[in-house]
Amino acid sequence: MSKFKNRIFGGTLGVLLVFSMVAAAFGQKTKSSVSADFKNLAGGADEISMMRLPAPDSLGTRSKSAMFPIGGEAGFREFEIPVDSTENFKLMLLSPNAKALNLAAALPNGEFFDLRASGFARGVDFAETTYGLDGNQFPAEVYGFGAVKPGLLRVRIEIPAALAGAKNPVGYLVAASDSPFRLYSYLDTLQTTVGREIGISAVLFDTKTAPGTGRPEALAGTIHESTVVIRTPKGETLELPMNDAGDGRFRAAFVPRDGGSYTAQIFSRGITPEGNDFIRSAEQSFEVAPQTAVLGSTPRATPVDELRWRVELPVAGLETGRKVIVHAEVFGRDADGNEFPVSWLGGMALTETRSRRETIVALTLDSRWLAQAAPAKNYLLRNVRLQDPDSGVVLGQTDDLSVPNLRATDAAKSFTGVVTDEMRQGRQPVRISADAAGGKLMLVHGYCSGDAWGAAAQFTNYVKFLDLNKNRTHDQFANLIKSFGASLPSYGIVAHSQGGAAALHLYTYYWSGLDSATGARLIQSVGTPYQGTALAGNLAILGQIFGAGCGSNNDLTYSGAATWLANIPAWARAKVYYHTTSFTDVWYRYDYCNIATDPFLSDPDDGVVEKAYAQLSGANNLGHKTGWCHTSGMRDPAQTSDASRNSNMNSNAAR
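Numbering (the working numbering), first residue to last: 12 to 666.
One or more hints might be untrue.
[Said to hold, decoys possible] Under the rule of at most 30 Å between Cα atoms (straight-line distance), these lysine-lysine pairs were calculated in the DSS-like manner:
hint : residue 1 : residue 2
1    : K110      : K219
2    : K219      : K636
3    : K388      : K424
4    : K160      : K245
5    : K245      : K178
6    : K636      : K622
7    : K493      : K622
8    : K110      : K160
9    : K219      : K493
[Unchecked claim] Ranges of calculated distance between the beta carbons of each label pair, as one might list FRET restraints:
hint : residue 1 : residue 2 : range
10   : E433      : N472      : 44 to 50 Å
11   : N416      : T218      : 39 to 45 Å
12   : F131      : P171      : 23 to 29 Å
Just so you know, the hints here were simulated from the structure itself, not pulled from any lab data.
Being a predicted model, the structure only gives us computed values, none of them experimental.
Here a beta-carbon is modelled for each residue, glycine too, at the ideal position from N, C-alpha and C.
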């Protein structure tokens with residue numbers, strides 16, 4: 012066991028209709044489930060670049076904290092924590108048995124003292140709070156060190172015999188500050204499937220030169236040692252050293268043997284550019300798909316009617332009836348061999364079996380997209396990919412596939428040049444009876460949530476979707492909303508948190524009452540992590556010690572959100588009107604929404620979602636408002652209780 016491990020790991024993270032869902036509906040995969048309701052997605056050549064998958068290294072997590080697992084034999088565990096910045100330095104204890112753990116701390120060059128009994132006399136503030144995302148909350152003790160100096164802070168935790176020997180840690184100790192030097196970590200592939208290598212990288216960077224999102228420039232020479240601890244779906248733990256390529260990037264890799272949910276915790280230590288010792292950790296959660304899809308090289312196009320083609324793609328490795336997200340770019344080639352972009356195609360699909368027991372997945376192409384482009388001798392598909400609809404994992408991808416018999420139909424040649432909704436989404440089925448009740452506004456909550464909208468006093472002519480305290484992927488969430496609204500001829504949605512992403516997912520992929528609604532704003536949201544939240548990775552690790560809770564959700568991670576967004580077209584985004592909020596910031600105090608989540612988030616944030624990651628490119632940003640936090644129980648009121656915003660959303664909502 013290395014010295015690094017000994018020191019860092021401490022010895023070894025209206026009208027109210029109530030609709031209740033049951034677990035039996037979770038994850039159903041049948042041909043009859045929604046295949047008739049799939050939209051046939053498409054867009055013009057000018058949208059192709061925005062529909063491509065992002066670079067994996069741009070989807071990392073930024074960390075200003077270190078989270079140490081607490082475990083081992085009964086007795087004392089000591090942690091040595093370098094303090095490289097005194098700005099808002101704090102410790103946090105996360106444990107279901109926090110009261111059974113005795114905590115002592117020694118300031119740099121000082122003696123140990125009892126944190127709970129004597130902390131206040133030493134200038135240490137104490138707060139009991141909760142840490143989590145929406146309804147998935149864990150108890151936390153937070154200690155703020157107002158007078159700490161740079162140096163080595165020691166923390167001693169006594170583990171009673173009753174808690175010793177547990178398979179999982181008994182808790183986590185978190186150290187954080189507002190140091191500008193932070194850790195950026197990421198997976199180097201989006202195709203996380205069994206049997207394929209997955210690399211994990213980490214760099215130290217300076218927020219003063221790399222604010223915002225995306226991969227920052229590494230501060231070469233600052234990290235001296237780095238390790239990653241990977242936990243598999245079977246509960247096995249794999250610890251790997253991370254190696255430096257000489258450019259400041261430390262990397263380790265492994266090959267997963269099982270499909271399911273994985274976590275990775277990276278620890279890096281070294282010396283900042285200012286000459287202070289530092290330690291940071293970063294937590295990642297990610298899904299590994301059990302199957303890899305292998306796309307064949309011989310697609311076939313057959314006419315469906317006077318305008319549409321069915322393009323069948325052979326695929327191996329997936330069972331028949333498997334739902335996938337499929338995406339492809341259409342390029343034309345003229346008589347001289349010059350290639351040009353035509354359109355993109357996509358949407359949900361079910362794998363099928365055709366003659367000779369061959370498995371295929373099919374796309375529908377409206378040949379008016381071919382007619383509006385330059386004449387072509389033949390066509391090909393590029394950047395074809397299949398993704399799992401629940402995790403976003405890329406199951407398989409390929410490049411150029413020639414489709415020799417594809418052409419613009421005679422009916423399409425009269426195309427006027429005006430792109431229609433039918434070209435973008437396909438043909439809408441007629442579902443609702445003529446005598447159905449009028450349209451409604453649907454209020455939707457978020458991930459693992461209680462009744463976020465409460466009495467909803469500012470809303471009229473509404474129904475309320477309730478699937479309380481559940482963990483759903485965007486696709487599962489969207490289908491539950493669709494089922495709930497099936498009896499309504501039309502509806503608009505006002506959503507909180509993940510509900511906003513689920514509503515957008517529903518409108519993008521499935522025909523529903525959203526497509527028949529009229530009014531100014533089809534989908535309105537507040538506090539939605541469209542680009543993910545840093546808390547998703549931490550919560551997956553903490554679930555190992557607190558029990559499963561609501562569980563991990565890959566769609567809420569930075570990388571999972573990005574692979575989801577890559578399939579959301581401009582015309583769907585344009586139907587979203589979103590709000591963001593954060594805490595009230597005053598000069599005379601340290602401000603936050605939730606003191607427990609603050610160590611993991613970059614300001615400004617609402618206690619769960621950072622403003623930078625709540626943005627939805629191509630949608631309608633209705634502004635940022637301070638003084639409102641994500642949920643109740645935080646320093647400022649819950650964002651769903653803002654009467655002024657609620658009244659505005661109600662009056663502008665489509666129904």
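Are there hints from earlier that the structure breaks, and if so, what are their numbers? Those not satisfied are hints 1, 4, 9, 10 and 11.
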